[in-house]
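Asker: Spelled out, the chains give:
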Amino acid sequence: MADHKQPPASTPPGVCRGRLAEESAGGADSPAPRACDDRPVVLSTHGLTKRFGKLVAVDHLDLAVCRGDVFGFLGPNGAGKTTTIRMIFGLIFPTSGYAEVAGHRVPGERVAALRHLGGFVEVPAFYPNMSARRNLRLIGSAGGDASEGRITEVLDTVGLLTRGDSRVGGYSHGMKQRLGIANALLNSPDVIILDEPTSGLDPQGMKDVRELVRELGKVGTTVFLSSHLLHEIEQVCNRAVIINRGRTVVEGPVATLRPRDEAVKVMTGDQQKAFETARALFGAQGVSWDEGYLVVRAGDEGVPELVRRLVADGVAVRAVVPAVEQGLEEFFLGLTQSSDADGGRGEPAGRRARQPCAAWAASSSRSSFNGAPTSAGRVCWPCRC
Amino acid sequence: MTLLRLELSKTLNQKRTYIGWVGLVLVPVIVVAAGSLQKPRPQAPGEPPFVAHVSQNGLLVMLSVLIALAAFLLPIIAAMGGASSVASEAETGTLKTWLTRPVSRAAVLLTKWAMAVLYALAGAALVAVVSLIAGVLAFGLHPLVTLSGTTMGVQQALALIGLAYLLVVAGAVCSLSIAFFISTLTDSSLTAATIAIAVFTVLTILNAFSVFDFMKPYTYSTYRLAFLNLFRFPIYWPPIRQALVNYGVTTALLLLAAWAVFSRKDILT
Ligand SMILES: Nc1ncnc2c1ncn2[C@@H]1O[C@H](COP(=O)(O)OP(=O)(O)OP(=O)(O)O)[C@@H](O)[C@H]1O
Ligand SMILES: [Mg+2]
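Protein sequences, first through last, are from chains A and B.
Last residue of the first sequence: 384 (numbering that gives the first Met the number 0), numbering continuous.
Last residue of the second sequence: 268 (numbering that gives the first Met the number 0), numbering continuous.
With the rest of the complex left out, here is chain B (with noise of 0.2 Å):
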């Protein structure tokens, strides 16, 4: 607990830091700035849900914002905290000061990678009240019709909203992790952050051909906008269970392969 107190204030001490967070939070100005430009119209074929009423309710400036989220940005953020969290110290070799700490390297590196956690999910959240202060400021809070056509109060679509910003941090742990293991094996951030986007992004364009549909359930990418069930009328449940048994078993598979690097790595720089 200390170790992680320590690394809050070494990372809140960083500019970096505060450089993703402002990128994400230009987001829902941006889709506030877009949808009050635009007329209200249809939803385009293949457009996601939500994005094209945006300017009808407040709460759909969260959803689109968070379907931007999933899809791409924070993946990206995400890998780039789990990429810079063992790589970027090795880097300038205070990755080196710290193991000459009497501190065990488990700790060390579950420390780093909770960071890391903490980063997106605090991303998520910053991004989740700058979009409803924003949404509801520019298009008020009125209730939400849901996927199914029915009507859901603010209350419980506040709340499902929240639950889907969870579900979507989750799904960018995946990414996270993804980095996080290759920064024990390399002492570079950005090869780590530029393998990790690049998984996500092969992931994504495979699940996007049919001929890939066999590994489907295995890719955690295949889950990133599982969110949207929760928006049906009732709740359609099995694809967030999938998502959450995936998003498991990967950021656990990928935690254990980096312990397994760093636990017996040669710190040299």
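Just chain A, same shape as in the assembly (with noise of 0.2 Å):
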């Protein structure tokens, strides 16, 4: 992250100095958001901006994902995913902004930056009256090579080995998501990017996508993997964003993408004495009751902090268990919802982005999102303002 990124003094650090519209207001020449240490950025977007009429589908998007990255692009139906994936693959053309794929960028040096890039938009498209093998000797032949060494190790890769020489138009849903996999891998590319590669799966299916990608990842390709299933980018990606009307939500590491359970339940021999050692720890706030249980908010590191006064105190513990306070997906509802209602959709880009965050920053004293910096210096929240 540049300089000029860094927090203003008033924001409190590692709070809500999250890359909202505002800071990639900058447009097209704002430079890539480092987020990766000392990993190249494999493919970004820039200030990228898609209209459709009075619709604004894709908001000053600005991404980075580093090599060796599975990262995810979360949103809702209708977020902006689909015409993002398809801006990178240079399919449409930028309102404004652009991407960047190893250096190259889209649209400007599209084919360069195909060269680096493998994987498929909505639903991948094949010819339904040749078979899987014809199908990629053909597709994966222009600008590339495909030979049959590659062709039998990509298919057999997503399980279609025994498949690949019926004809694709008698393929499941499933089956073509596969192919469309292997089509992905079979130029071997840097990054591939897969659009709800899981979507209208059975679980079998998505259990077997997910898997792969994880695999994927693991050999150090880049997956860039879209997706409106919070849990599934939880299980295999290690960044994420999240997306909502064509902007950035909340970005960052995914162990830090939705609030950790660091309230726990403690019950105790004397509750009583324990509720007076807590609140001397952690504040009236971090204290309450639920049915016999004392609820502490300790975040990670308070808990044995909290144990250890206990004990010293000879307060009996009998038990300590995560309050679980939200689900996954409620989180998930919250934060889109929460966007929703911030900004009208087909707004004037930037409106809602001016308006200042710090003074929610300011306001929650507790954060109930796990506001530790990230690895980048940077954590972004949704912020409510």
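Worth flagging that the hints you see were computed from the coordinates, not collected in a lab.
Hints may contain errors.
Below, in silico cross-link-like pairs of lysine to aspartate or glutamate (DMTMM-like), each with a Cα-Cα straight-line distance of 25 Å or less [said to hold, decoys possible]: (1) LYS14(B) x ASP164(A); (2) LYS175(A) x GLU90(B); (3) LYS175(A) x ASP186(B); (4) LYS264(A) x GLU275(A).
Simulated DEER-style distance windows between Cβ atoms [to be verified]: (5) SER262(B) x GLY52(A): 13 to 23 Å; (6) PRO216(B) x SER187(A): 55 to 65 Å; (7) GLY52(A) x LEU146(B): 55 to 65 Å; (8) LEU252(B) x SER146(A): 41 to 51 Å; (9) LEU109(B) x SER187(A): 25 to 35 Å; (10) SER187(B) x PHE51(A): 16 to 26 Å; (11) SER165(A) x ALA158(B): 47 to 57 Å; (12) VAL218(A) x LEU109(B): 30 to 40 Å; (13) VAL248(B) x ALA111(A): 26 to 36 Å; (14) SER165(A) x SER262(B): 31 to 41 Å; (15) GLN13(B) x GLU152(A): 20 to 30 Å; (16) SER146(A) x TRP236(B): 48 to 58 Å; (17) PRO216(B) x PHE92(A): 37 to 47 Å.
Beta carbons: idealized from backbone N, C-alpha and C, even for Gly.
Combine both chains into one complex, guided by the hints.
Answerer: Okay, here's the thing in structure tokens:
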């Protein structure tokens, strides 16, 4: 992150420094967000914007995917995921901004960029009257090589080897999806973009695809995976961004994407005494009651300290269990809805963004989110401003 | 070149490719059948030459068939080929699959156009060969009586007929290019083919009215029977030259227009 993106002094560190639209308002010339430490950025978007008439489908989107990332691209229906991916592939032209793949700009240097890219947009499309093998040979030979050995290899990878010679027209949805992945892998590109690869698959199919993506990540392939399932992203990705209405809502390492269950429920021999101890440690706001249990917002590091103090005070600790506060999907819904409430569809870009988020950050003395700075020195949380 | 090879392999793998060709090949078969049934008769007023005498010479089958091709069949088949090249792939989504490959849009566009031309050319060649074989088997091979009443040897006649077929294909390429251009505008190959055929039909009708004579030199449909001038003695070149210039300009303009659209087009399907 460039210097000018350091948080203003009024913003508490580590909180609400999310890269909201105003920070990317620099547009096409804004530098690639640096989030990779020493790994190179292989895929990025810079102020990427697409309008369809009055509708802003993608709104000054800045993304940075580092080599070796399995990057989750998360958003509800109509968030602009497919539109973004289309622009990265050069299938559609951005209204403003650009994407960059392995140092080549799209749409400017589309062909050079596509040499490093594989994948599919929405439903992978093939010639139904030809076999999978023939399709791969045909499509893979355009601007690349597709040896029979390699075709066999990728068909094997996606579990289609035995059906490789049958007509694609007779394939099930899941098989077509797998063939799409095989086609993405065929020319061994640096970056693979998969647009909702598990959509419409049965549970086994989903599991297989996720397994495959994880495997790809392990061998160092960079994967850009779009999805509207938070738990899917959590299973396979190391970093992710959540978008809604074409704008970034949250971005960061997957582990920090949603609130940790930082509160614990405590049961002791002397709950009243434990209450006093906990309040002394974490303040009145950090302690509450729930059906006889003491609920303490201790944070990850706070729990051992709490237990040590209780034991030192002679309180018998019977149980410390995580207090599940919020389900995954509710969290996701909350995020996207709060950003829905912020700006009407088609509202001029940047209006919402101009509002300061320091206010929200300052007013929430306890961050219910895990606000620890990431390795990139940047954590982006939804700003409910 | 790789792209053209791939395109060819793809086209030869599609059923509709053969349906179009079979339709074309039916023409000589019908002409030979009709020629066998009819008695030699004088040419009717307004009737194109050669047709009336088809049963006297196998070569006349080639020419009669060519007249039918030029008048409507080849423009239609070529328009279908041109229309399917971009739009039908947009329909099935495979255009998107191609454009995620590292190939330039210009190459994709030009390849598809070249493939459509190749298709029309192959269709015409097929018809020529079938006409020759069927005609010779049915009516024998004899020196050709030209439109000027002179006689030319079989070899020279065959060479000129070959040239005539090429000229008709060149005319069909105009129809094809119209369909091709429209197929970059719409995602429906049916729309593109229909519009191209409609344009050809309307132009042909307009050409028939003298009020529209002022536009005659500029419409490619004017020249669809220009090849007949090859069979005069001596050959009357000016209309053939005009036809070639017209076809060239028409095709070039349409290709430029197609590129203007396709190079900036959002591929959404
Ligand atoms: N061709 C188009 N014309 C007009 N609006 C469009 C077009 N394509 C997309 N949009 C709009 O842009 C927005 C983003 O669409 P997009 O397909 O990118 O969403 P998505 O995140 O991929 O959603 P999903 O999860 O349903 O696939 C939507 O509001 C959609 O209606
Ligand atoms: Mg989508």
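Asker: Please go over all the hints and tell whether each is borne out by the structure.
Answerer: So, going through the hints one by one against the coordinates:
1. LYS14(B) x ASP164(A): Between LYS14(B) and ASP164(A) the Cα gap is close to 19 Å, so the pair holds against 25 Å.
2. LYS175(A) x GLU90(B): Within the cut-off at roughly 17 Å; holds.
3. LYS175(A) x ASP186(B): This hinted pair holds, its Cα atoms lying about 23 Å apart.
4. LYS264(A) x GLU275(A): Since the Cα atoms of LYS264(A) and GLU275(A) sit roughly 15 Å apart, the hinted pair holds (cutoff 25 Å).
5. SER262(B) x GLY52(A): 13 to 23 Å: Given a distance of about 22 Å, which is inside 13 to 23 Å, the answer is holds.
6. PRO216(B) x SER187(A): 55 to 65 Å: With Cβ atoms ~56 Å apart, the hint holds.
7. GLY52(A) x LEU146(B): 55 to 65 Å: Holds: the Cβ-Cβ distance is about 60 Å, inside 55 to 65 Å.
8. LEU252(B) x SER146(A): 41 to 51 Å: 42 Å, holds
9. LEU109(B) x SER187(A): 25 to 35 Å: 28 Å, holds
10. SER187(B) x PHE51(A): 16 to 26 Å: 20 Å, holds
11. SER165(A) x ALA158(B): 47 to 57 Å: 49 Å, holds
12. VAL218(A) x LEU109(B): 30 to 40 Å: Hint holds: Cβ distance 38 Å, inside 30 to 40 Å.
13. VAL248(B) x ALA111(A): 26 to 36 Å: Holds - the Cβ-Cβ distance for VAL248(B) and ALA111(A), about 35 Å, lies within 26 to 36 Å.
14. SER165(A) x SER262(B): 31 to 41 Å: 37 Å, holds
15. GLN13(B) x GLU152(A): 20 to 30 Å: 28 Å, holds
16. SER146(A) x TRP236(B): 48 to 58 Å: Cβ of SER146(A) to Cβ of TRP236(B): about 53 Å, so the range 48 to 58 Å holds.
17. PRO216(B) x PHE92(A): 37 to 47 Å: 39 Å, holds
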